[in-house]
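Given these sequences and hints, build the entire structure.
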Amino acid sequence: MSTSPPPTPPSRTPGNQERRFKDITSPCEWIEDYRPGGFHPVHLGDLFNDGQFKVIRKLGEGAYSTVWLAHDLRNSRYVALKILISENTEETSHELRVLHHLAKVAPQDGIRYVTQLLTDFEHKGPNGIHKCLVFEPMGPSVNSMVYELPQFKPRKYGMKIRYPPKIAKRILLQSLQGLAFLHENGVAHGDFQPGNILFSVQSIDCLDEASLRQEENVQTESISPPVERLDGKQDKWAPRYLCFAQPLAPYASVSENLRVKLSDMGGAYFLNDPPKKPVTPLGLRAPELVLMGEVDKSLDIWSFGCLVFGLVTGQPLFCIPAYNDKTEEDDDHILELQAKLGPLPDVLYSHWETSSRYYTKDRKLYNCQLGGVGEGEEPLMLEQTSMEEAFDLTNPDLTDEEAGKVKRLIRRILQYDPSKRPMIKDILCDPWWRQVVLVLLQYCERPRKILGTVVELPAAAPGNADEYNGKSHLGQISALIGHPPQSLMSSGQRTSMVCKLDGELKNHGLVPAPADSSFENTISCMSGNEKLRFVRFTERMVKWSPQERSTARELLDDPWLYEDFPQD
Numbered sequence: 001m002s003t004s005p006p007p008t009p010p011s012r013t014p015g016n017q018e019r020r021f022k023d024i025t026s027p028c029e030w031i032e033d034y035r036p037g038g039f040h041p042v043h044l045g046d047l048f049n050d051g052q053f054k055v056i057r058k059l060g061e062g063a064y065s066t067v068w069l070a071h072d073l074r075n076s077r078y079v080a081l082k083i084l085i086s087e088n089t090e091e092t093s094h095e096l097r098v099l100h101h102l103a104k105v106a107p108q109d110g111i112r113y114v115t116q117l118l119t120d121f122e123h124k125g126p127n128g129i130h131k132c133l134v135f136e137p138m139g140p141s142v143n144s145m146v147y148e149l150p151q152f153k154p155r156k157y158g159m160k161i162r163y164p165p166k167i168a169k170r171i172l173l174q175s176l177q178g179l180a181f182l183h184e185n186g187v188a189h190g191d192f193q194p195g196n197i198l199f200s201v202q203s204i205d206c207l208d209e210a211s212l213r214q215e216e217n218v219q220t221e222s223i224s225p226p227v228e229r230l231d232g233k234q235d236k237w238a239p240r241y242l243c244f245a246q247p248l249a250p251y252a253s254v255s256e257n258l259r260v261k262l263s264d265m266g267g268a269y270f271l272n273d274p275p276k277k278p279v280t281p282l283g284l285r286a287p288e289l290v291l292m293g294e295v296d297k298s299l300d301i302w303s304f305g306c307l308v309f310g311l312v313t314g315q316p317l318f319c320i321p322a323y324n325d326k327t328e329e330d331d332d333h334i335l336e337l338q339a340k341l342g343p344l345p346d347v348l349y350s351h352w353e354t355s356s357r358y359y360t361k362d363r364k365l366y367n368c369q370l371g372g373v374g375e376g377e378e379p380l381m382l383e384q385t386s387m388e389e390a391f392d393l394t395n396p397d398l399t400d401e402e403a404g405k406v407k408r409l410i411r412r413i414l415q416y417d418p419s420k421r422p423m424i425k426d427i428l429c430d431p432w433w434r435q436v437v438l439v440l441l442q443y444c445e446r447p448r449k450i451l452g453t454v455v456e457l458p459a460a461a462p463g464n465a466d467e468y469n470g471k472s473h474l475g476q477i478s479a480l481i482g483h484p485p486q487s488l489m490s491s492g493q494r495t496s497m498v499c500k501l502d503g504e505l506k507n508h509g510l511v512p513a514p515a516d517s518s519f520e521n522t523i524s525c526m527s528g529n530e531k532l533r534f535v536r537f538t539e540r541m542v543k544w545s546p547q548e549r550s551t552a553r554e555l556l557d558d559p560w561l562y563e564d565f566p567q568d
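Counting from 1, one number per residue, gives the positions in the sequence shown under full-length UniProt numbering.
Treat the hints loosely; a few may be bogus.
Stated by the list, open to error - Below, computed lysine to any residue pairings styled on SDA-like, alpha-carbon distance capped at 25 Å:
#1 K233 to D33
#2 K104 to R77
#3 K22 to L230
#4 K160 to Q174
#5 K156 to S144
#6 K326 to N272
#7 K276 to S350
#8 K405 to P343
#9 K236 to E87
#10 K425 to R240
#11 K166 to A322
#12 K364 to P379
#13 K22 to P10
#14 K233 to V42
#15 K124 to R240
#16 K364 to T399
#17 K340 to A322
#18 K160 to R363
#19 K54 to W237
#20 K160 to P150
#21 K153 to R77
Source of the hints: derived by calculation from the structure; they are not laboratory data.
Rendered as structure tokens:
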């Protein structure tokens, strides 16, 4: 072994002749990325931020960071420590700006829908200065957690790996709420995909470190074999071993109590300052991004439509591999779009510069071979399968009626024209989420409108409209929820015209109400626990005091919204 120190590796991805290490086939980050500007070498037990954070387990890795479970020794809690590559300073600063913005404008909502940033600091290592972000610990991504479900263990050939419909539906609704939160606060996610939606975990702070610590043992397949240089020298830029990712799957819930949050704001952007080139995965790109480079929040909506298809069926709607030739990459995507969703509108088609390789002048498909038909070759034609046909081919675990609702929802979202795509609030009103509930949410500030969905209010008597709108309407409300409180009566300018001092309504008989009026008695279309949950849900909205009414966002978490998740 040579005793002279090795030269400093280049701060770029090495070519084949510049590789320093023997191959490591373990499922980890690429060892050659441990170089100036790249990953920071981490070993189990390492301390960060002046001894505050002790690394005990690897949670995952990506192209720009490694993520570790660390013991916060100062605050007696566990955290997720995200250590970014040192050359990624601009992107990191942008992610921090977005996270700090969300924490400032909506701290409570942010905790519910986006992984919580606890603190951040810088760490100097052999490969440069690394930004370190400290988050609440989270479980696996939606992309990987499905493989942890017991019904897929042991995995067998031909298994359809996908979430049960009720789980997929809950994941989709919560992730849509997360997108709504971002958009309402001036941010687009930009990289909305299953890998960036994480399951929450139960509290692990009460667990001792030993129960969570990753073993430093090659035999248990916890770490890789020792890292070795080709020249036999010691390398100060790389770790002695690589750790296999061990997500916190055992502590995540995939049941009626599941919670998911959006993560990885590295691709997020402010709506008033979109990037020229977002980081959206190939298969989730909207057509206007592929052909025209247009970027706005509707890209998130398109990605969500693709996610609905993917989570319900277990298959991606558009499977676009990476090509060396970007033109062929885009062509493949456009061919897939037209096969699944139909012809492009003229405004988009006119931006497809290579359309003649595949379509005649009158826009008839004659070839599916990427790059066009070579000299002496015959055109390649492939069977064209619509989105609906592709959906049905996966045999989703749905009734025909519900499958129809899902397909209509996907079709409604995946509009070629961004201006025609539904807003998030419109998607939330889709029949698949239970239309009646979300219509109620839109009118939670008007008791009469809510009551109108529960009990039919009588029409105003001719010539008596003002009287009905005042006394009789209040009479109906009082019959259902009791007399108005004194605090409300004392603040009303016309209270004495309508109510007695004890809160009883004057001339109450104008609109007779049965003595046994109640929400339960006015509802005949439900029974049992379903009816009870609906009554509780409605009572959260119909309150005399506006301050006591639940917000629309709180109501979206009500058990009645999820008919498949009774919480009796």
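task: Go through the numbered hints given earlier and state which of them the structure violates, listing their numbers in rising order.
output: Of the numbered hints given earlier, those the structure breaks are 6, 10, 11, 16, 18, 21, listed in rising order.
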